[in-house]
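K.L.:
Here is how the chains run, residue by residue.
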Amino acid sequence: MKRWHIRDIILVTILAIFMGVIFWAITPLYSALTAVFAPMGLQPLANEILLGVWTMAGPLAGFVIRIPGAATLGELLGAVVEMFLGGVWGASTLISGTVQGFGSELGFMATRYRRYDWITLILSALTTTLVTFGWSLAREGYSAYHLGFLLLLFAVRFVSVFVFGGILTKLITNLLDRAHVLKH
Amino acid sequence: MVNVSIHNLTFSYPQQAQPVLNAVNANFPAGQFSLLTGVSGGGKSTLLKLVAGLLPTDAMTVTFNGQSLAQIPATQRSQTVAMLFQEPSTQFTMDTVANELQFALENQQVPADEISQRVTAALDFIGIAPLRDRKLMHLSGGEQQKVALAIIVAMDSAVILLDEPFASIDPATRLVLLQRLAQLSRERGKTVILADHDLSGYTDYVDRLTVLADGRLSHLSPEATQERLANFAPARLRLQHVTVPGDNQPALLQGTQLSLATNGRTLIAPQDLGLFAHHTTLITGPNGSGKSTLFRSLVKLGHYEGVITYDGTDIHRLKRRPYARQVALMFQSAATQFLNVTVDEELALSLKNSYADHFTTTMVTHLLTELNLADRREQIIYTLSSGQQKKLQLLCMLIMAPDVLLLDEPFKGLDYESIQTVIQILKRVQRELNLTYILVSHQLSGLDTFIDYHLQLADQHLTYLGVSA
Amino acid sequence: MNPSLKLALLVLVALEISFTHVWTVNIALIVVSLILMVWSHVAFKRLVMLTLIPVFFGGALVWSLTLRGTASTHFLLVIFTRMVAYVYMGGWFAQTTNPLTLTRSLEQNAKLPSKFAYGFLAAFNLMPKIQAEVATIKAAALMRGQVLHFWSPQLYFKVILAAMNWSDQLASAMTSHGFVEDAPRTHASEIPLITRDWVLLVGSLALVQIGLFVGLP
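Residue numbers (our numbering), protein chains in the order written: chain D, 496 to 679; chain E, 466 to 934; chain A, 2 to 218.
Because the hints were derived from the structure by calculation, they are not lab data.
Where is the CB? At the ideal position from N, CA and C, for every residue including glycine.
Treat each hint with caution, since some may be false.
What the hints assert, rightly or not - Listed next, with one range per pair, are the computed distances between beta-carbon atoms:
id, chain 1, residue 1, chain 2, residue 2, range
1, E, T827, D, M535, 54 to 62 Å
2, E, N899, A, G60, 58 to 66 Å
3, D, I614, E, Q582, 32 to 40 Å
4, A, L201, E, L520, 46 to 54 Å
Stated by the list, open to error - Straight-line distance between alpha carbons at most 35 Å, and here's what the computed DSBU-like set of lysine-lysine pairs gives:
id, chain 1, residue 1, chain 2, residue 2
5, E, K765, A, K46
6, A, K139, D, K665
7, D, K678, E, K514
Just chain D, same shape as in the assembly (with noise of 0.2 Å):
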């Protein structure tokens, strides 16, 4: 099993640290769609629509970095610059994110980091999307929706992910791959 260097330790909080720029620069959009969604009572549609951004550095770095832990590592050093940058969030990132990282790294797990494509991607898509919905169910009282609305987000949670944490990752990756830097 492959050890973490200091160099894939850098380089994951700096794929971290970029991704807490991405968050940060789409802010706006977010706020936007809370604005538009929230009178009608659609408040955590805007939540779902862009929750794949957020939880994309769990793919991205388990794919880029191929270690065991990369994919946690990856959210979960994100949550801890966003916190220093001054995200309002503070302790429930740290905890959303370890519970988002390791939602992706099952998926790695599950083809126990030997495959780097489509299926591992699917699935680690599918895997974020399962845990980290079930986080929502206690943590911000969804297990209160009326089950039409609750599997509406549901499906929407997994079409962000998937954009992002699957298609996204995997045409970023395609480009890596092709201009040879990433290690086999």
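Go by the hints and put chains E and A onto chain D.
P.N.:
The following block gives chains E and A in isolation, referenced to the frame of chain D:
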């Protein structure tokens, strides 16, 4: 004192056919200051990294007083050899100067109660005690290099390696660092190996010159070294055709009370500055004086005081997208400009988005042949040599044909023949499309018939030189 | 309080209130965090921010649960106070903890391998460089007629290439500065871990348990 020996060292990077270093044998005597020279991309960095143990070597190819680095316990290697890198800002772990020195000494397991005193001594030796509690990221490149040397002084490393340490720092700092390095070798017996392609200003400091060419090393005798250093004069700028623009000549880019600063250090004091359309302007000035910073300001990537207008409009009020069509920068680092993977993909992108209906695929093929890139079309950009990347970058930017093209060191890493070809192409395209060029270049030979105006940056002020029009 | 224990306390309490439904404890945590923040001279503007944001998002969530769900008033109250409590506790932690001290404490007190501690710090210092790089990449792409958005693979591709270069350079520099993975180091700045820290941790946790399990609403 530690002597460095290299025995039969061969090294090639993956995906590159030619070895960078081919059966190199050399000896760097203990306590001497050696200057290692050779063309850019010729393997100087690689050699230093191999000596520093940062790239893998076979056992006993590099030895320190007969011992290979592998035979020295890992935590004591930094007492044997340490390296100062070309890029100042990516060599620190901690936030402040003192914390970084402390970090290095903790790594060496120096007892906690000795650390503070050794930090103070090292900072005093380099003369940067006032920087002690400053944040590293708020320091200039020159100050960062001084800190990097202070760390090596604190660690008391016997062999000091420096990889093009002066590439982006001002002449005053360079002088201080050279004096300290000479002092370290003469008074403290340190073995210093410094890689630089520019040999000016070393005469009083170095003991010996070593030349790396075609993957092989050769040492010069002390006499030959002094002769070579004395004869080295950077290609002098002989511009006989430059004129000073007339007072009423309308400027395309106009700075009013323009001033630039970086981390609290003034680069350009407030002044008015005009840059003129359809001509070629050359900006010269010492390293670190603010030429690249000026370019970044002109393309809205840097902070400046005062006003910059383009064609009469404040550039703050121009949208980025249309402005990028008018004023574009060819970045110093070629890789910054690329977005794809292969040479052909890059060319296709430029052809698709070009602002001029001028370039055709046949023309591009012809240009590639002129630039010796015709057989590289399918190649991955990141495996091209730095010179080839530079030529491709230039081609991509010329195809885009922005009204004003800023060129930051466009000839870096090119051989003389390539430079001549590139200048011919630049001139031709300028004539055909009426472009404006503004360039910054350290490479000055062969520019006479290309340059119309010459701006010199000295003492924080930009001045046009030449005959009055 | 010792930063590692402070972090442990924060995470444990945040985790617990995520799964329990006692709004009075949430309120108590809010009040205690607020007092601690005021006591540590957290700027008034920051406090306003820390209040407005959870009130806005928490309010929107509660409104949504009311319209689209079957939540009781008690449940809504729990969710809302939970959001505010998260933010206040996180605010107290982030505003009173220095990242460097926390990292040193994690290395010395929590036995986090030093490669993680210093690898993280090294990258963290590059933050302004990373932001500048993103701006440069976008501008350089514009000069090639290409607009890069947060969904453009090329933006990520270029940033990852730069990140790979920087991580190589930083790792080399750390090695050159004597850093050896998993090797012992000395510590010139000792982060104290005293009995009082343990008493504070255990005491606070005990209080939260009592609050959560004695049947408060």
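K.L.:
Each of the hints needs a verdict: does it hold here or not?
P.N.:
Results for each hint:
no.: 1; hint: E:T827 <-> D:M535: 54 to 62 Å; verdict: 58 Å, holds
no.: 2; hint: E:N899 <-> A:G60: 58 to 66 Å; verdict: 60 Å, holds
no.: 3; hint: D:I614 <-> E:Q582: 32 to 40 Å; verdict: 59 Å, violated
no.: 4; hint: A:L201 <-> E:L520: 46 to 54 Å; verdict: 49 Å, holds
no.: 5; hint: E:K765 <-> A:K46; verdict: 31 Å, holds
no.: 6; hint: A:K139 <-> D:K665; verdict: 21 Å, holds
no.: 7; hint: D:K678 <-> E:K514; verdict: 21 Å, holds
In this structure, only the earlier hint numbered 3 is contradicted, and the remaining ones agree with it.
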